Every structure is written in C-alpha cells, then in structure tokens.
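**Student:** Residue numbers (this note's numbering), protein chains in the order written: chain A, 28 to 200; chain B, 15 to 214.
What the hints contain is simulated information worked out from the structure, not anything from laboratory work. A quick note: this is a predicted structure, and the numbers were derived from the prediction, not measured. Just so it is clear, CB atoms sit at the ideal spot from N, CA and C, and this is done for glycine as well. Warning: the hint list may mix true and false statements.
[Unchecked claim] Not everything, but these chain B residues come out facing chain A in the computed CB check (under 10 Å):
#	residue
1	V53
2	Y57
3	A110
4	P112
5	C141
6	K171
[To be verified] Calculated cross-link-like contacts (lysine to any residue; reagent style SDA-like; alpha-carbon spacing at most 20 Å):
#	chain 1	residue 1	chain 2	residue 2
7	B	K56	A	N51
8	A	K109	A	P148
9	B	K130	B	F91
10	B	K90	B	I122
11	B	K171	A	S52
12	B	K56	A	D78
13	B	K56	A	S73
14	A	K173	B	E163
15	A	K173	B	Q168
16	B	K66	A	C156
17	B	K166	B	L142
18	A	K119	B	K166
19	B	K56	A	S52
20	A	K172	B	K166
21	B	K129	B	V113
22	A	K173	A	R49
23	A	K172	A	Q161
24	B	K61	A	H69
25	B	K130	B	P152
26	B	K56	A	Q169
27	A	K173	A	V41
28	B	K77	B	E98
29	B	K61	A	V41
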Amino acid sequence: MAITGNSGIILTTVEEVLSWSRRNSLWPVSIGLACCAIEMMHTAASRFDTDRLGIIFRGSPRQADVLIVAGTVVNKVAPMLKLIYEQMPDPKWVISMGGCASGGGPFPTYSTLQGVDRIIPVDVYIPGCPPTPQALLWGIIQLQKKIKEKKEGKELKEIPIRVPTESKPIKQI
Amino acid sequence: MVKLKYVERPKLNLIEKLFFLDFIKGLKVTFKNLIKRTVTTKYPYEKLTPPKRFRGTHAHRVKDGNEPPSFSVLEKFMDINTGESRCVACYMCQQACPVPSLFRIEAIQLPNGKKKVVRFDMNLLNCLYCGLCVDACPVDCLIMTDIYETAKYQREKCVIHMDDMSERGKDFDRRRLKEPDRIWIDDQERIKLWGQIKWS
Ligand code: SF4
Ligand code: SF4
Ligand code: SF4
Numbered sequence: 028m029a030i031t032g033n034s035g036i037i038l039t040t041v042e043e044v045l046s047w048s049r050r051n052s053l054w055p056v057s058i059g060l061a062c063c064a065i066e067m068m069h070t071a072a073s074r075f076d077t078d079r080l081g082i083i084f085r086g087s088p089r090q091a092d093v094l095i096v097a098g099t100v101v102n103k104v105a106p107m108l109k110l111i112y113e114q115m116p117d118p119k120w121v122i123s124m125g126g127c128a129s130g131g132g133p134f135p136t137y138s139t140l141q142g143v144d145r146i147i148p149v150d151v152y153i154p155g156c157p158p159t160p161q162a163l164l165w166g167i168i169q170l171q172k173k174i175k176e177k178k179e180g181k182e183l184k185e186i187p188i189r190v191p192t193e194s195k196p197i198k199q200i
Numbered sequence: 015m016v017k018l019k020y021v022e023r024p025k026l027n028l029i030e031k032l033f034f035l036d037f038i039k040g041l042k043v044t045f046k047n048l049i050k051r052t053v054t055t056k057y058p059y060e061k062l063t064p065p066k067r068f069r070g071t072h073a074h075r076v077k078d079g080n081e082p083p084s085f086s087v088l089e090k091f092m093d094i095n096t097g098e099s100r101c102v103a104c105y106m107c108q109q110a111c112p113v114p115s116l117f118r119i120e121a122i123q124l125p126n127g128k129k130k131v132v133r134f135d136m137n138l139l140n141c142l143y144c145g146l147c148v149d150a151c152p153v154d155c156l157i158m159t160d161i162y163e164t165a166k167y168q169r170e171k172c173v174i175h176m177d178d179m180s181e182r183g184k185d186f187d188r189r190r191l192k193e194p195d196r197i198w199i200d201d202q203e204r205i206k207l208w209g210q211i212k213w214s
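Okay, chain A solo, but in the shape it has when bound (with noise of 0.2 Å):
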C-alpha cells in the first residue's frame, strides 16, 4: 500500500490489487502460427506448467488478455490475427515470440509481415528459433515485472509507451 503520484490512497490500493490479479492471471489466447506454437504447448505441458504461475490457456480473445504470437505471420494471417487482437477486452497484452513473429525471423520474403508490431503493439519481445520454454516462461516473468512497473509509475522511461515501433536499423557505433 503506497502513496504514490497524487492520486489518494484509495485509489492507488484498488490500483495495486488490479494490477496484481492482473499480472497472476495472465490468460492467453491458444493461438499458434507455426513451429513456435509446439513450444508454446511444451511450455502448458507438465514439464513446465504454466498453471503454476496462473497461466490458462483460454479457447476465446473474448476470456483472455495475453495474445502469444507464436509463429511466422503471413500476410494472409496478418488480418485474422488483428481480428482476434481487436477482439480481446481492455487491458491487454501482446508477447511476440520467436523470431519470427517480432522481426521476420529466417523468412525476408514478401509474403511474411515483417515482425507483428507493423500492426499491432507488442510488450516482449522473445528472441530463438524457437525460444526454449525457459525462455518463453522468462518473456512472461518480464511481462509481469513490467505491468507492475507500469502501475506504480516507476522505470517508465525503460518501459516504451504501447504503440507500434517501426523497425529500426542496426544501430550505428
């Protein structure tokens, strides 16, 4: 319970509870694009049970508020997966996993969208081909750290505002 900002006490508690049942009852959408999508099952399997950390794969975007891109989006995929984010309630998040899926992976063709943030906004980023599931489970740690972030207005700076980055050139040394 912390006085934070110059919102009161009452609201900044009612804040804080949200913002922790939130971020331990990340349900995500089960929607899997292509290879990534195994590794997304191996991580809901008993080897690394995601029910643990409260993480219950949910059959519609109605129920959820996590989206996993798991997979390579095609162009012809593009639409149904803006369909399905468009679809999920307020507030939500998006984790793109693989390579794939947050920069265009192996594939620099024209017929894959060149990493999802070219049309919708995405949270974590999770590098691999595909990423283990550690890494998958660390993706959703941080996703967690930075929704409690968020609420407590601390490290906003590191913590980029939610809209769509356009991809960036190698950063000049």
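Dock chain B with the ligands against chain A, hints included.
**Tutor:** Relative to chain A, chain B with the ligands alone:
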C-alpha cells in the same frame, strides 16, 4: 472386407457391482500418481542447466592464449590486444549463415597497416540458432553459449554487439570451458526421472 469381432461385456458379480471394485482399481493409478514425485520444474526458482552444446545467445571468444594455430598466422595482420575479441573479420560466419543480412561486420585499416574490427552486430531476431556460423569460424571465435533468458521490451535491444559478446564469451569460458562434452550435466537426476537412455 472388414472383419468385425464382437466382445462380450464381462459379467460382474454382485460384490463388484455393489462396491465399484473396478472403479477403485482405476483410482489406484490416480493415487499412485498423486503421491509420486512430479516432473515439473519450478522454473524461476529452479533452473535446468543446459548442456554445454546448447545453442543459445552468441558470444565471442577473446584472445587469451588458447587460440588455434590458424590464429597465429592471421594475428600478424590484426590489431588485437589480449582480452579483446579474437575476430579477424573474415566474414566466414556471414557466408555460412542462411540469413546473411543479420550480420553487420565492419573493419578498418589503421595507419600502421593493420586491420581492426570496429563493428560486429548480430540481429538475433533473424537468427535461426542453427550453429552454422560457429562451425565456419576459422579462429574459433564465434561460439554459442548457454544463455537463453533474452526477452526484451524493445526490438533494437535484441541486437548484440561486439563488446557484450566478448563479455559473454569470457563468462562462458570461465564457467564451462573445462567441462567434458556430455549431453546433460545432471545425468543422475535424469536417470531417476526418465530412466537410462541407451545410445546405439
Ligand atoms: S521463429 Fe523459428 S521456430 Fe518460431 S515460427 Fe519462426 S521458424 Fe518456426
Ligand atoms: S546460428 Fe545460424 S542463423 Fe544464426 S547467425 Fe549463426 S548461421 Fe546465422
Ligand atoms: S567467422 Fe569468426 S573470425 Fe570470421 S568474421 Fe565471423 S566471428 Fe570473425
């Protein structure tokens, strides 16, 4: 022609009907699994050590006296101090890579005629983690480490640079250079969980 075989349902006697004996037999399996140790790894608190050959984030070995003989030939033309990455900018890794555009390697010629690598960037978001670049490197510079916790909030943070790759390489060599090359580090634990794996 499909042949059908009809199986009679076994007749249950009165005691079996009254006390659900078959049901209890089935539940025995459930209870056995309830008490048994689970295979679940409690991830953030308990981490599996990946094998030495795990293909994780890339790193650069540094010049530390353990170089292969091919390095001493090329060293004459290079400006590399001890403790710096031993990359000689030969572009072999880029040639071998299925997605060459993820590398950004640049080298300059110093006034004394030696070559210096000024830039070695890799965009890990385009990488397949196939390890072909590691096999191609002639001076055993580029390696893959056991680091997989690389989730980032920004896309540009997924690009790795020469200095942090050298740091990672130093760290990896300090931890695991002397380790024998085996599949899993905790073999005894794994035998307990899944039994002995027989290699042919
Ligand atoms: S990043 Fe690799 S594993 Fe994941 S969908 Fe793309 S090709 Fe498949
Ligand atoms: S691991 Fe494969 S895809 Fe990645 S940089 Fe090396 S050769 Fe290229
Ligand atoms: S193959 Fe090895 S030495 Fe050659 S540019 Fe790549 S990392 Fe440097």
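**Student:** All the hints need checking, so say for each whether the structure fits it.
**Tutor:** The hints, checked one at a time:
no. : hint              : verdict
1   : V53               : holds, 6 Å
2   : Y57               : holds, 5 Å
3   : A110              : violated, 14 Å
4   : P112              : holds, 6 Å
5   : C141              : holds, 6 Å
6   : K171              : holds, 8 Å
7   : B:K56 <-> A:N51   : holds, 16 Å
8   : A:K109 <-> A:P148 : holds, 10 Å
9   : B:K130 <-> B:F91  : holds, 9 Å
10  : B:K90 <-> B:I122  : holds, 15 Å
11  : B:K171 <-> A:S52  : violated, 27 Å
12  : B:K56 <-> A:D78   : holds, 11 Å
13  : B:K56 <-> A:S73   : holds, 11 Å
14  : A:K173 <-> B:E163 : holds, 16 Å
15  : A:K173 <-> B:Q168 : holds, 12 Å
16  : B:K66 <-> A:C156  : holds, 18 Å
17  : B:K166 <-> B:L142 : holds, 18 Å
18  : A:K119 <-> B:K166 : holds, 18 Å
19  : B:K56 <-> A:S52   : holds, 17 Å
20  : A:K172 <-> B:K166 : holds, 12 Å
21  : B:K129 <-> B:V113 : violated, 26 Å
22  : A:K173 <-> A:R49  : holds, 12 Å
23  : A:K172 <-> A:Q161 : holds, 16 Å
24  : B:K61 <-> A:H69   : holds, 16 Å
25  : B:K130 <-> B:P152 : holds, 17 Å
26  : B:K56 <-> A:Q169  : holds, 16 Å
27  : A:K173 <-> A:V41  : holds, 18 Å
28  : B:K77 <-> B:E98   : holds, 6 Å
29  : B:K61 <-> A:V41   : violated, 34 Å
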